[in-house]
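K.L.:
Sequences are here, hints too, so could you generate the full structure?
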Amino acid sequence: MSLALIAALPFLGALLPGLMIRAGKNACALVTGSVTALALLLLGLNAPAVLRGEVIHTRIDWIPSLGLNVNFFLDGLGLLFAGMILGIGLLIILYARFYLSKSDPMGQFYTYLLLFQGAMVGIVLSDNILLLLVFWELTSLSSFLLIGYWKHLPEGRQGARMALTVTGAGGLAMIAGMLILGNIVGSYDLSVILENKEAIQSSDWYLPALILILLGCFTKSAQFPFHFWLPHAMAAPTPVSAYLHSATMVKAGLFLMARMWPVLAGTPEWFYIVATTGLVTMVMAAKIALFKDDLKALLAFSTVSHLGLITMLLGFGTAEAATVAVFHIINHATFKAALFMSAGIVDHETHTRDIKRLGGLRTLMPITFAIATLAALSMAGIPPLNGFLSKEMMLEEAAHVVWGGNRWIMPVLATIGALFSVAYSFRFIAHTFLGPVRDDYPHHPHDPGIGMWAAPAFLVALVILIGLVPMTAAAWLVQVAANAVTGQEVEVYIKHWHGLESPALWMSLLAIGGGFVLLATHARWLAMWNAMPRPEAKPMFDAVISSLSHLATRITDRLHDGAISRYFAIGTVTIAAAAFYAFWTGTHTTGSRPLLPIEAVPFLGWLAMVLATIAIVIFHRNRLLTLVLIGIIGLTISVGFAYFSAPDLALTQISVEVATVILMLLALNFLPKQTPQESSPMRRFSDMAVAGISGFGIAVLAYALMTRDFAFPTIADYHIANSKPEGGGTNIVNVILVDFRGYDTFGEITVLGIAAILIYALTEALLRAGPANDRLLAWAPDQRRAGDRHPMMLVVATRLILPIALMVGVFIFLRGHNMPGGGFIAGLVVSIALVMQYMASGFAWTAARQKVDYHALIAAGVLIAAATGVGAWFNGMPFMTSDFGYVHPPLVEEFELATAAIFDLGVFLTVLGAVMLSLASLSRIALRAGETVNVEPFDIDPSEGRRIANEEAR
Amino acid sequence: MELLVASALGLLTSAGIYLMLRQRTFPVIVGLTLLSYAVNVFIFAAGRLVTNMPPIIDKYAAGYTDPLPQALVLTAIVISFGMTAVIVIMALGAFLEAGHDKIDMTDKDESANPAEGTK
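In order, the protein sequences belong to chains A and B. Using our numbering, read the first sequence as starting at 1 and increasing by one per residue. Using our numbering, read the second sequence as starting at 1 and increasing by one per residue.
Derived from the structure by calculation, the hints contain no laboratory data. All clues given are correct.
For lysine to any residue, the following SDA-like pairs were computed, each having C-alpha atoms within a straight-line distance of at most 25 Å:
| id | chain 1 | residue 1 | chain 2 | residue 2 |
| --- | --- | --- | --- | --- |
| 1 | A | Lys673 | A | Ala929 |
| 2 | A | Lys724 | B | Tyr60 |
| 3 | B | Lys102 | A | Ser565 |
| 4 | B | Lys102 | A | Arg683 |
| 5 | B | Lys102 | A | Ser680 |
| 6 | B | Lys102 | A | Ile618 |
| 7 | B | Lys102 | A | Met688 |
| 8 | B | Lys59 | A | Pro647 |
| 9 | A | Lys356 | A | Leu518 |
| 10 | A | Lys292 | A | Phe369 |
| 11 | A | Lys673 | A | Arg789 |
| 12 | B | Lys59 | A | Tyr643 |
| 13 | A | Lys287 | A | Leu518 |
| 14 | B | Lys102 | A | Asn669 |
| 15 | B | Lys59 | A | Phe811 |
| 16 | A | Lys724 | B | Lys59 |
| 17 | B | Lys59 | A | Thr730 |
| 18 | A | Lys673 | B | His100 |
| 19 | A | Lys287 | A | Gly514 |
| 20 | B | Lys102 | A | Trp779 |
| 21 | A | Lys495 | A | Gly513 |
| 22 | A | Lys287 | A | Phe224 |
| 23 | A | Lys538 | A | Leu526 |
| 24 | A | Lys538 | A | Thr553 |
| 25 | A | Lys673 | B | Gly99 |
| 26 | B | Lys102 | A | Gln674 |
| 27 | A | Lys673 | B | Met83 |
| 28 | A | Lys287 | A | Glu155 |
| 29 | B | Lys102 | A | Arg621 |
| 30 | A | Lys197 | A | Ala176 |
| 31 | B | Lys59 | A | Ala642 |
| 32 | B | Lys102 | A | Ala926 |
| 33 | A | Lys25 | A | Asp447 |
| 34 | A | Lys102 | A | Asp447 |
| 35 | B | Lys102 | A | Asp774 |
| 36 | B | Lys102 | A | Arg684 |
| 37 | A | Lys197 | A | Leu172 |
| 38 | B | Lys102 | A | Glu678 |
| 39 | B | Lys59 | A | Leu814 |
| 40 | A | Lys724 | B | Gly63 |
P.N.:
Written as structure tokens, this is what we have:
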């Protein structure tokens, strides 16, 4: 469990910074830091076992049928990476607290950071490749948020988009590769896959899987030719760069190569693809870094170069090289994070990162100078710092590698890469800190407070410590991690002196000497570099993306031309064609279920409905008539429900019918009363054909269905048998609604409430200043108005009816559990009773007497229903379990009390609120259109027989 | 009776689809209403037609019809009211905003603004 908790903690904690920011920046940073520290502590508790050589597993089934399980495991490699992610994360949180300016939303930053951290920890702890892919994509998404954190900067947005596009595309390729791998092995569990080296490497699918997975790794780890996104991602705030580009995001690709190393490495394909890519990336990026003037761009390319170095080491495919790779991952994380933070400090203090405008900061910022210099010297590989140790070991490995039969290529190019690395590292020191103090810094610099330099200083302390006593400080971690990478026991022996006969010594000396020479003559090389044409990645990337997006736009415009009737037609024809195809290719027998005899009265009902339907089609241009005909159809349908043993449906249908017709009448007030004849006879004929064929198909399908018995045993019997004993009600339909399928009903009333609130929101939008509002204000009624808007008969009648109607509503509600009725129907009946008041006495009169807000009704309804469901928990039952009992009060017959009735009350309130809110919204539109409403219910005072000087409200 | 229900269902579907293929909002809404009647009746009919056997537990009852489709259709009726209300307001809003109630966006000026690349 604790492993899953380590991965989950940052995600859970991501909710906190946004809340805590109200308590101030320190509180926010402290809470964020505590979350990470807690995760780190949990990891630490597991560390001793891992260091003893154990592997810790946590298994939670998620979707076992897909092979997708939330399985985590912690071995040496996972421990190393999780430790780096959380440890450096903690430092970054501290550093960011002081780096971000007042105007930056810090809560947002920490939330993004924790999301990213959780995704990264998830990757390194996953024991299921599908789960790993989920986390992998999450890193792409959360890093998008982090890189684009400064939303106001176009570079930030573009850089974030580029990073997402490149790493996202790689992620897609990797999904395919992982699925192939899982298919070969027959399991998606990493621990199983890692034991199947022979099966994987002998499979025909090995090469495709390898290439696809490597695409994911290379894009993530910015390997050539996908390296270009990383420098552009430098538009992010420096804490992000330091975190993503030293220890986490870009290391994810390396992690995965290391993770998959036991099963994928060791073949010639692996060697040539991985080692070559790494080598090319290392040399090329190191060369570019030498000519970058932006401190962060320089560091970005140096990162790419070092990632190339590690990739190359993994590509060699030997256990020794993989061990060196692990060691360099640690070293690179320490010195590179420190360097990024130092660059951030320089930027923060001088307001520029341009090397050309810097120099001479040594005396002005002595602490920063010390930190940056030590880190940069380690990056250059100067003894006795940790970068020296791993670089020396790297050169040693490279010296023995034969590439394509040639013994020289690898060592020579590796030395050249190291040489460039020395040169740009020294340039970073020399051109920023050395030289004379200038008087034209954009902002006069001095060392920042300890809060800002504490984190890089800590890292530099590690750089020195590992450099001086590697066997004590790092060898144990390298040992377990390398064991996990290679799947075998490796000997880790890190030493400073390899002896005079070691080629690494001479290669290293050559690199340092050459680096100095290169830096001394830097100006000349720079001129040459600038004179040379070189490909710029960003315009090429933009061109590709914009041509793709144009293509997509063209296709979309072609397919979606805005003609909705065309979409309807295409959809209908497609469905009908598929159905007819299925019908013709299948086998059929006639149905055997006995038919019900046709009786006279139902036949008349059928006739009324058929005639009304035909009339609707013929007279549909007369919209008012259409509504009358709709009423006839709805009425016959509800009678039909009653006839076919569905009393609840009949009640629901008839009350919904009334509400629907009222609603459409109100809307029609503002719509044209006639539909103009527009379509050609040809179009009408083809539409009729489409409609006719579809209708015929439905009729045949329904007939075929009704003349056959159930193909499978129905689950109806269960509901019928258990309605009374389990649900406590005799109306099975109501018991299903409020009990058996209560959760569905809960969802449905929620949807209904959302629909009503949507209507309210749409009305609000219409009534805001805009063309709709202008039209309403200038509205001229196109119908003659009634002389007496509130006829006395109607007013008096509705007043008399109201209490009776409400009583009917209560009655229907109460009997619902046992007899036809229930919350849905009662809600509709009561709302119709209320709407009658609106219609008779006017909107204002009714609204003035309305004590409860409809929004509140909807909310109360949903909450009551939810509370009833939650209540079951207190009885130790699952959500929505109902309970009931019988009471025997004196004088009255025994009756039943059921929690389902409270749930039904929620349904009732929601339905009432939703219907009323929808209708009231239409009234508000009418008010805006200049409809005046009475404050008094009558135009005429019946007692005096005179017209009231009725004050009119708007 | 099955034949009557099936034919009525087919007719409702046809009328609904025909009206939905019209070019003004109001007939489309009416068509949608008819179509939702048809769908509700179809789901109901999947429980097979039975007379005089309401799903109300009663010791004298000879049997019960299938209650499940009824429960499904009951909520479907109420939900389709909610959806009709939404679409009615949308139609009203569109008419008030645009000044006409056509449903097809075929005007050139409305489609002349393709996405401007990725900038």
